[in-house]
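Participant: Go ahead and model the full structure; you've got the sequences and the hints to work with.
Residues in the sequence shown are numbered consecutively from 1, following UniProt numbering.
Any given hint could turn out to be false.
Unchecked claim - So the derived label-pair ranges between C-beta atoms look like this:
id: 1; residue 1: N52; residue 2: R29; range: 14 to 22 Å
id: 2; residue 1: L91; residue 2: R37; range: 34 to 42 Å
id: 3; residue 1: N39; residue 2: G72; range: 19 to 27 Å
id: 4; residue 1: K114; residue 2: R85; range: 19 to 27 Å
id: 5; residue 1: A98; residue 2: R65; range: 18 to 26 Å
The set of hints was computed from the structure by calculation and includes no laboratory data. Heads up, the beta-carbon is just placed ideally off N, CA and C, and yes, glycines get one too.
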Amino acid sequence: MHEQVPWAGVIIVAVTMVGGALLVHQVVRRASDGRLRRNDFAGIRTPSTMANESAWIAGHRAARRATDLGAGGMGLTGVIVLGLRDPWPFLITTLSGAMWVLFWVFVSARQAGKAARSASDIT
Numbered sequence: 001m002h003e004q005v006p007w008a009g010v011i012i013v014a015v016t017m018v019g020g021a022l023l024v025h026q027v028v029r030r031a032s033d034g035r036l037r038r039n040d041f042a043g044i045r046t047p048s049t050m051a052n053e054s055a056w057i058a059g060h061r062a063a064r065r066a067t068d069l070g071a072g073g074m075g076l077t078g079v080i081v082l083g084l085r086d087p088w089p090f091l092i093t094t095l096s097g098a099m100w101v102l103f104w105v106f107v108s109a110r111q112a113g114k115a116a117r118s119a120s121d122i123t
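Facilitator: This is the structure in structure tokens:
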């Protein structure tokens with residue numbers, strides 16, 4: 001019989017993925033509707049989105065769909081790993097979920113930057 005991923009490891013990855021997905025979703029939602037103002041800690045913080053409040057909101061509105069796709073995949077990964085104890089499937093699923101969300105983070109940042117520049121006339 002081969003080694004299995006310890007339950008503590010499975011739970012830590014699952015909670016991190018699902019919790020991170022919920023957090024990302026809420027941050028972008030709140031920033032896009034003005035409930036989360038520009039800050040140095042949460043949100044899509046690029047030079048263009050940080051230029052002013054209208055750029056901040058426009059950027060987050062533009063990035064909502066891509067962010068939700070990334071967060072959704074991240075959350076789904078957290079649920080899937082709960083059923084995986086074999087090391088290789090666990091590792092491949094976890095890394096795939098991480099790459100998925102990373103891809104959508106870059107897409108979101110690009111969309112947010114473009115919309116923010118349009119909103120604040122930054123070139």
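Participant: Of the numbered hints stated earlier in the document, which are not met by this structure?
Facilitator: Per hint list: single violation, 4.
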